[in-house]
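The lines below spell out each chain.
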Amino acid sequence: MDQLLSVGVDGIIYSAWLFTAALGLTLIYGVMKIVNVTHGSFYALGAYAGASLAGAWLARGYPPMLSYVVLLAAALIVTLVVAPLIERGILRFMYAKDEVVILLITYALFLILEDVIKLIWGVDPYFVAEPYALLGSFEVGGLAYPTYNLILVVLALVSGLGLMGLLQSTRVGKLLLAVIHDPEVSRAMGINVNRYYLATFSFGSLLAALAGSFTAPTVSVVPGLGVDIIVLSFAVVVIGGLGSLPGAALGAVIVGVVRSLSVHYMPQVELFVIYFVMAMVLAFRPRGLFSLAEPRKI
Amino acid sequence: MPVILDARGLCKNFGAVTAAAEVSAAIEKDSVVGLIGTNGAGKTTFINMITGYIKPDQGTIEYEGRDITRLPPRDITRLGICRSFQIPQLYPSLTVYENMLVGLGIVLRNARLAGFFHRREADVPGYGRPAHEVAEHLLDRFGLGDYRNRNAQVLPGGARKLLDIALTMVAKPRILLLDEPTSGVSAQEKFGIMQMVLDAVRAEGATVLFVEHDMEVVSRFAQRVLAFYDGRIIADAPPQAALADENVRRYVSGGHA
Amino acid sequence: MRRDRTLVLVGAVLAGVLVGGAFIPQWAMFIVTIAFAQGLVALGLMLLLRAGLVSFGQALYYCLGAYAAGALGRFVGVADIFVQMLAGALVAGFAAFVLGFLLAKYRGIFFGLLSLALSMILYGLLVKNEALGSTDGFNILPSTLFGIRPGPQWVRYAVMASAAVVSFLLALIVHRYLRTPLGRLAPAIKDNEIRVEYMGASARYAVHVKYVIAAVLAGVGGALAATTVGHIDPEMAFWTTSGEFIFITILAGTGNVIAPFAGALIYGAIRTTAYDLSPNTWQLSLGTALLLIIVFLPEGLWSLFKRHARHP
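Residue numbers (the working numbering), protein chains in the order written: chain A, 1 to 298; chain B, 1 to 257; chain C, 1 to 312.
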C-alpha cells in the first residue's frame, strides 16, 4: 500500500511537471499548426536564466523566499526577449510552408539556440539547490517529499485551469478559438491573426521556460537539458492529441503514472515504455485520445 | 442490350443526412446515361458508392454479374470502371505530360508489363504503342498538346477538366463515370467537350454515365436520364420524357422543357 | 540519356575513390567512408521524401544495422565487412517489413512522429540492455575482407573501397527503381493520393515498398558506420541522429541518387570545420546552414547543378 502511495505521489509530481512543459507545445500546435522544436530551447533558457539569476540573488544575500519570484521573473524575461525575435524575425515568413518544413526550421533554430546558451552561460553546470530545500518536506506514507515539488503541481494547475478559463470565458479566448478553427476566415473578419500568433507563441514558450526555470533548483543545469524534454513533450502531446488542452493533461497523467510504475517495479523498461505508449496511441488513434473531426475531400 | 452495371437498393446515411434511399438502377451496356438533380440530391454519392470510395449501408452493386460492393477504388478501376471528378483531381506539381505518364505507368504495371525486372519498353494494352506515344496521342486527342510541358496547377479551368478526363481514359475503361464534365467550362465549349469525350470513349465501346446540370447538354447527349432528389431516383426515362416529368420540373429543372 | 549521365557520374566517383583514395591520409578515408554510410541512409530518406514522407526515425534502422554487424563479431566471431553489411540489410529490412504494415497507413506529421517513437523505443531498450553494453555499447572487431585480414595500414582503405563499391551498386539499383512505375508514383502520392487510388494503384503498398528499401539502405549504412568507427552505442538510435540524416537529405536535395552522398560529404566537411574552428558553436553553424538552405534553396544544393530539379 505504501509502495502504491509513493507511486501515486511520484506520478502526480512528474505528471504536473510534464503537463506544464508540454502545455505550451500543444497550445502552439493548436493555434498555429506548427510542431515547435524550439520548445526545448525555451525550457533550457528558462532553466539557465532561473539558475543564474536565482543563484546571483541568493549569493548577494537577498531574501531567499523571494528567490521563487526571481525564478518566475527569469522565465518571463528570457521569453519576452527571445520569443518575439523568433516569431517575428523568422517564423512569421514561413507560415505558408508545409508543416514538416516548419518543424525543420524550428529544429534548426533549436540547434542555434543550444550553442547560444553555451556562449552565454558556458558549459559548466549550474547548481542552485537552495530554493529546493528551503520549503522543507512533507511526509506521505512514510516517505519524505520536498514541499518544493508542490510548486510544480500548483504551476500545472494554474496554467491549465487558467488557459481553459481564458479560452472559454473571455473575449480574447473566443477570438483565439476562431483563429484555431480557421485563420483565413478570421483574417477576413478583421481579427489580427498575426498578433494572436505572436501572443500564442510567446505564451506557449513562456510555459516551457517556467517549467525549466522551476525545475532548475532540482537538477544540475547542464548543456543538453532541452534535448530530452522535447521528445517527452512530444510523447505527452501526441498521446493526448495535438492541439488539445484536456488531451495534454490526460497525456501527462498517463505518461507520469506509467513512468512512475516502471521506475518502481520494472526500472529496465523506464525509458522505452513511454515511447511504447506513444507508438500504441499513434497506431490505434493517430489523432490522439481527444481528436478533432476531419472535413470531406471529394 | 445486356445489363453491365446493376445497383440494387443502395442506402447511405451520414448521421441525420440521407444521401441515398433505396437507389436502384440497371445500366445497359453501351448506353449513355445522364444523372441530373440539385446539389445534395445524391448523384455524387451514387458515383462514390459505385467506385468504392464510400460503402453503402445497405444494397449491392454488380458489375457483369460480379459483386463489387465492398471493393476499394483501385480494384474497381482495375476492373474497368473509371471516373472523373467534380473538382479535377490532378497532380499539380507534375507537367501535363508527366501526369499522363504516371497513369500509363500504373496501367502497364497492373498488366504486369513494366517493373524493376522488365527490360524493354512494353506497349500499353489497348493502344498497341509504348507509353510516351500513347501520352502524346491522348494529349492531342483532348486538345492539350499546347499545355504539354506546363505544370498541371497553372492550367485554366477547361483544360483542367480535360486533363482530369484524359487521365480517366488512360486505362481504357468499360464504364466511364463523369462527374460534371462541363462545369466550370465556358458555354460555347461545353458541347464541344462532351462531343470530344463521347467520340473518344464510344469508339472503344464503353458505357457512359455523366452528371450534368446543363439540361441542354443532357437532352443532346443522353439516351436515358436518371433524376435524383433527396437521395431517391424520381424519374428514369429518355431525356424528353424525363425533362417533361412533373416531379423533375418541380425538384430539378425548374420548369423548362 | 539522363540515365547515361548518372551512370557515368557514379562510375567516375567510384573510380576516383578507388584510385585516388589510396593516396589520401587516413583521417580523410575515415570521413569519406562515413560519408558513404550516411549517404546511404540519406538516399533512403530521399526515396521517402519524394513521396512526401519525412521519417524522423531512420536512426532506428541505422542502429539496427550497426548492432547486427556488432553482434556478428561479438557473438559469432565474424568480421567480414560484406557479411556485416548483409546482416545489417537483412535485420533492418525485416524490421521495416513488419513495421511498414503499420507505418504505410500514415502521412505527414503522424508518419514522422510514429517513426520517431519507434526509434526512441529501440533507444530505450538498448540503453537498459546489459548484454549489449547499455549506454556504453561495445567495440567492433577489425574488419576482414573475404576472409583476409588486411594489414593495419590497409584496413581503412579496404573499408572505404568496400563502402564505395556497395554504395555504387545500391545507388544504381535505386536509380533504376526510380524509373519504374512504382518509383515514378512518388510525386503522385505526394500530390494527390486519391487520384493514385482511382488510377488503380495502391499508395499504401508503394509506401511500404519504399519504406523497406529505405530501411535496408539505412541498415547497410549503419553496419558500415559501425565498422568504420569501431564502436557502437545506443546513441545511434537517438532522435538527434535521425535529425542529422534529415539535415543531410535537405542539404542535398532529391534531384539525383548522387546527391545524398555529396550532401553527406559536405555535411561532414561543415561539421568538422565548424567543430575545429569553435567547438562550442558547431551546432550554431549547422543550424544556420540548415535554416539558410531551407529558406533559400528548398530543393537542396543539387538544384544548383540542375536548372529544373526535375525527376526522371
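One should not assume that every hint holds.
Claimed, not checked - Only some residues are given here: those of chain C computed to face chain A with a beta carbon under 7 Å:
no.: 1; residue: Ile24
no.: 2; residue: Ile109
no.: 3; residue: Met120
no.: 4; residue: Gly124
no.: 5; residue: Val209
no.: 6; residue: Leu291
no.: 7; residue: Phe296
no.: 8; residue: Leu297
Calculated from the structure, these hints are not laboratory results.
Just so you know, even glycine gets a beta-carbon here, dropped at the ideal spot from N, CA and C.
Cross-check of the supplied hints:
1. Ile24: violated, 30 Å
2. Ile109: holds, 6 Å
3. Met120: OK, holds: Met120 of chain C within 7 Å of chain A, min 4 Å.
4. Gly124: holds, 3 Å
5. Val209: violated, 20 Å
6. Leu291: With Cβ-Cβ at 4 Å, under 7 Å, it holds.
7. Phe296: violated, 12 Å
8. Leu297: Because about 13 Å separates Leu297 of chain C from the closest Cβ in chain A, which is outside the 7 Å limit, the hint is violated.
Consistency note: the structure conflicts with the earlier hints numbered 1, 5, 7 and 8.
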